[in-house]
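Protein chains: 2
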Amino acid sequence: MLIDPSKKILIVGLGLLGGSYAMALKKKGYSVSAIDIKESSINYALEHKLIDKGSVEVDKSLLDEADIIVFALYPHTFLKWIDDYAHLIKKGTILTDVTGVKGGVVSYVQDAIPEGVEFIAAHPMAGREVSSVENSDDSIFKGANFIVVPTEKNTFSAIELCKSLGHELGFKDVSQLPVERHDEMIAFLSQLTHCIAVSLMCANDDPNLEKYTGDSFRDLTRIANINDEMWSELFISNREVLLTQMDKYKSAFDKLYKCIVKGDREEMRSMMRLSSERRRNFDKKL
Amino acid sequence: MLIDPSKKILIVGLGLLGGSYAMALKKKGYSVSAIDIKESSINYALEHKLIDKGSVEVDKSLLDEADIIVFALYPHTFLKWIDDYAHLIKKGTILTDVTGVKGGVVSYVQDAIPEGVEFIAAHPMAGREVSSVENSDDSIFKGANFIVVPTEKNTFSAIELCKSLGHELGFKDVSQLPVERHDEMIAFLSQLTHCIAVSLMCANDDPNLEKYTGDSFRDLTRIANINDEMWSELFISNREVLLTQMDKYKSAFDKLYKCIVKGDREEMRSMMRLSSERRRNFDKKL
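In order, the protein sequence lines correspond to chains A and B. According to the numbering used here, the first sequence is numbered sequentially starting from 1164. According to the numbering used here, the second sequence is numbered sequentially starting from 1164.
Warning: the hint list may mix true and false statements.
If several chains are the same, the list does not tell them apart, and a pair holds so long as it fits within one copy or across any two.
Straight-line alpha carbon distances no greater than 25 Å define the calculated DSS-like cross-link-like pairs of lysine-lysine that follow [stated by the list, open to error]: (1) Lys1374 <-> Lys1411; (2) Lys1189 <-> Lys1326; (3) Lys1413 <-> Lys1425; (4) Lys1411 <-> Lys1425; (5) Lys1316 <-> Lys1189; (6) Lys1411 <-> Lys1421; (7) Lys1253 <-> Lys1335; (8) Lys1418 <-> Lys1326; (9) Lys1335 <-> Lys1374.
The hints are simulated quantities; they were obtained by calculation from the structure and are not laboratory data.
Chain A with its partners taken away, still in its complex shape (with noise of 0.2 Å):
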């Protein structure tokens, strides 16, 4: 065990990923504990065994035995607990999150919390199309990446302690970057990529597109069956930055339609070059 075992774990939100995180510590033999507003989803939790302990309040017993905190939660769901609850948080604890944008996120709560409370930030990058706890599977971990966001006000340890909980976790690769630098990387490669699954699903109103289509079409849709409530927050908490990288890839996207109108084939191979040198650069390292 990467984490010193004595220390116990709560899950504040037990949806997908906090339900998947209960199932990956669980496994390990961690002490987890989990809080979450939903009944059924606190019983469901604890018969099939991915917690020892539940409550659907914030019990403050759970909060003084807890030694590591994740907040697995909407990001402005996230805010408004921290405001209503963070003073209970007692001395020594070590929050994270799995907050998809840090922008607004990170320094509010680093500043919302007592003294003594660190809040360490990380971006599990991996998910399903399917919410809630009963789709719980730690497997969505494995390859995938783990990003831990720190600030200046973390101390080592926490930062070190976040990368343990990553690789505990069943990441493959457990990585470091500064909050403008997360967020940009994830405005360009999350969720633009969302925002063209989605744009190109609603470009086409044709009922027989199925019945035509080759693997690349699917592909490029799987992520356009998306859940509205959580990425339209994550699209408008990182909107700045977002809208920068749409207008990179705007750029680019014109550039090869000009290509198209005007017929000029070679400019239009030499960016199939570089898209296919980059590309290859991305298979190796996988």
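Chain A is fixed; fit chain B onto it per the hints.
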């Protein structure tokens, strides 16, 4: 065997698709020969028993023996071949192809071939990110779509023969579309997706992207490793139709962009719900 086993099949052009056709048809027990200008390709196919006979020249005896000729060439090479050699094809032969765009091809070929020879166009919606006969793999046809593209010049029996060919190759769905509808469908489902993948891969020159990526970016760029010679030709030969589909997609992308600028979460979520609903229909019919 769905096709009369006494029928001999000649494949002109032994690349990835030609080789994979040969592999599938030989496994089913058909007699298969091939013509390709590359001696190494013919030798490879003979050694690996993908074909019974082969020639690097347009061998009149192979043409005379053939009942069905499959052209697995790039569009312009196919048309050039027809110009140069179509007069050598004997009466009663059925020709088919694998060309990804039909507009400039089907009527041209149907007009150029001798009386008594019939060309029935087909589009096997399968491929790989690699080319050449050495990468032949008939498993690429499994679960894939095969589209027969007849015109009013085609006979019922040739259309049925071509459909049987699709089934014998191992395609899951064999369907039929008129030329214009085929090209429109392909522009949206296949060409546009390749435009998007190439643009996305060209949009950002950060060398560390792959360290932070999730599956969505990998999925969207799988096809960004692209055969620039073939695809630039396909884009140019379907230019007007492709530009129309690119415009449709740009409108949807711009609509989403504006939602993000305005912070219009309701409109954003309604696009996401439409996208999810459509994508789920896709899954069901898989």
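Structure-based check of all given hints:
no.: 1; hint: Lys1374 <-> Lys1411; in the structure: between (33 Å within a copy, 20 Å between copies)
no.: 2; hint: Lys1189 <-> Lys1326; in the structure: within (18 Å within a copy, 54 Å between copies)
no.: 3; hint: Lys1413 <-> Lys1425; in the structure: both (18 Å within a copy, 18 Å between copies)
no.: 4; hint: Lys1411 <-> Lys1425; in the structure: both (21 Å within a copy, 19 Å between copies)
no.: 5; hint: Lys1316 <-> Lys1189; in the structure: neither (30 Å within a copy, 68 Å between copies)
no.: 6; hint: Lys1411 <-> Lys1421; in the structure: both (16 Å within a copy, 16 Å between copies)
no.: 7; hint: Lys1253 <-> Lys1335; in the structure: neither (32 Å within a copy, 60 Å between copies)
no.: 8; hint: Lys1418 <-> Lys1326; in the structure: neither (41 Å within a copy, 39 Å between copies)
no.: 9; hint: Lys1335 <-> Lys1374; in the structure: between (37 Å within a copy, 10 Å between copies)
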